[in-house]
Amino acid sequence: MITVEMNDDTMVVRLAGDIDHHTAGEIRRYIDERAQIMKPLVLKMDFAAVPFMDSSGIGLILGRIRLLKLWNGKVVLMNISESVSRMAKMAGVFNFATVENKAENTGRGNYKNEYIK
Amino acid sequence: MNILNEATISFVSNSGNEAFARASAVAFLLSADPTVNDISDIKTALSEAVTNAIIHGYKNAKGKIYINLKLFEDRKLVIKVRDKGCGIADIKKAMEPLFTTGGEEQAGIGFAVMQSFSDSLKVKSEINKGTTVTIVKKLCCKDDVKNMTVKRQ
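Listed in order, the protein sequences are those of chains A and B. First residue of the first sequence? That's 1 in my numbering, and the numbers climb one at a time after it. First residue of the second sequence? That's 1 in my numbering, and the numbers climb one at a time after it.
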C-alpha cells in the first residue's frame with residue numbers, strides 16, 4: 001500500500017510491494033493525482049518497502065522528475081537497493097535526482113526528524 | 001554438459017503475469033540453492049524480457065508467452081523467453097540504451113538491464129513471427145561466497 005505525507009513543501013511517498021510494468025501504472029496515477037494538486041517542491045520517493053523493482057520503476061522515477069520540473073520541483077530517492085541504483089545509473093537518473101540512503105530510515109516514523117531544522 | 005533440471009511454462013500476456021513469471025523462475029531455481037544476489041538479478045532480467053514481450057511483442061494485445069528454464073550441471077542457467085508477436089525490425093537499434101518506442105513512461109533500458117544482470121544475452125527476432133530472448137547466467141556457488149567472505153576477513 002502506498003502512503004503519502006505532506007510536510008511544508010515536501011511530499012513523501014512511501015512505496016510498498018513489487019514495482020513492475022503491471023504495478024507502475026497504478027502507482028503513477030496515485031502519485032500524480034496528489035502531486036498535481038499539491039505541487040510539492042520536493043518529492044521524496046521512499047523504496048524501503050519495495051522488495052523488487054525492474055526498469056519500469058526507473059520509467060516511473062523519470063516520469064515524476066519530468067512532472068515535478070513543471071513547477072521547478074525536485075525528486076529525492078530514498079532507500080534504493082544496489083540493483084535499483086545500477087539501473088538508475090544506466091538511465092542517467094542521478095543527473096536529475098538526489099539520493100538519501102539512510103539505514104535508520106527503513107522503519108516508519110523515523111522521518112519526522114528530517115523536518116526539524 | 002548435462003542438464004540438471006528443466007521446466008517450461010506458458011501464459012497469456014497479461015501484465016499481472018509478470019509477477020507469476022518471476023515467482024515461477026524463483027521456484028525453479030530454489031533446488032540449486034541460489035544466492036540472494038543471483039535470485040535478484042535473474043528476476044530483474046526475466047521481468048524485463050517478459051515486459052518487452054507484453055508491451056512490444058504483443059503491443060498489449062493478448063498472446064502467449066513461453067518461458068523455458070534449463071539448469072546445467074555447472075550451475076549455468078539458460079532462460080528463453082519467446083513470444084509470437086510482431087518481432088523487432090532493428091534489433092541493434094532496439095538494444096541501444098535509452099531507445100524506446102514505448103513512450104514517456106518507459107526508461108528504454110530493458111535490454112541494457114538484461115545484459116548487465118546476466119552473463120550473456122541473445123535476441124532472435126523475425127517480423128510478424130515473434131522474438132526469442134535467451135538469457136544465460138552462471139549461478140554463484142554458496143561455497144564461492146563463503147570463500148570470498150573468509151578472504152575478506
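Treat the hints with care, since some could be wrong.
Listed next, the stretches of chain A that the computed footprint assigns to chain B, with coverage defined by at least 3 CB atoms under 8 Å from CB atoms of chain B [said to hold, decoys possible]:
| no. | region |
| --- | --- |
| 1 | 35-45 |
| 2 | 60-74 |
| 3 | 87-101 |
Treat the hints as calculated values from the structure; they're not laboratory data. Keep in mind the model is a prediction, meaning the values are calculated, not measured. Ideal Cβ positions, reconstructed from N, Cα and C, are used throughout, including at glycine.
Against the structure, the hints:
1. Residues of the region 35-45 of chain A lying with their CB closer than 8 Å to a CB of chain B number 0, which falls below the three-residue condition for coverage.
2. Three residues within the 8 Å Cβ limit are the bar, and the region 60-74 of chain A against chain B gives 4, so the coverage statement holds.
3. With 4 residues carrying a beta carbon less than 8 Å from a beta carbon of chain B, the region 87-101 of chain A meets the three-residue requirement, and the given coverage holds.
Comparing the model with each earlier hint shows a violation of hint 1 alone; every other hint is respected.
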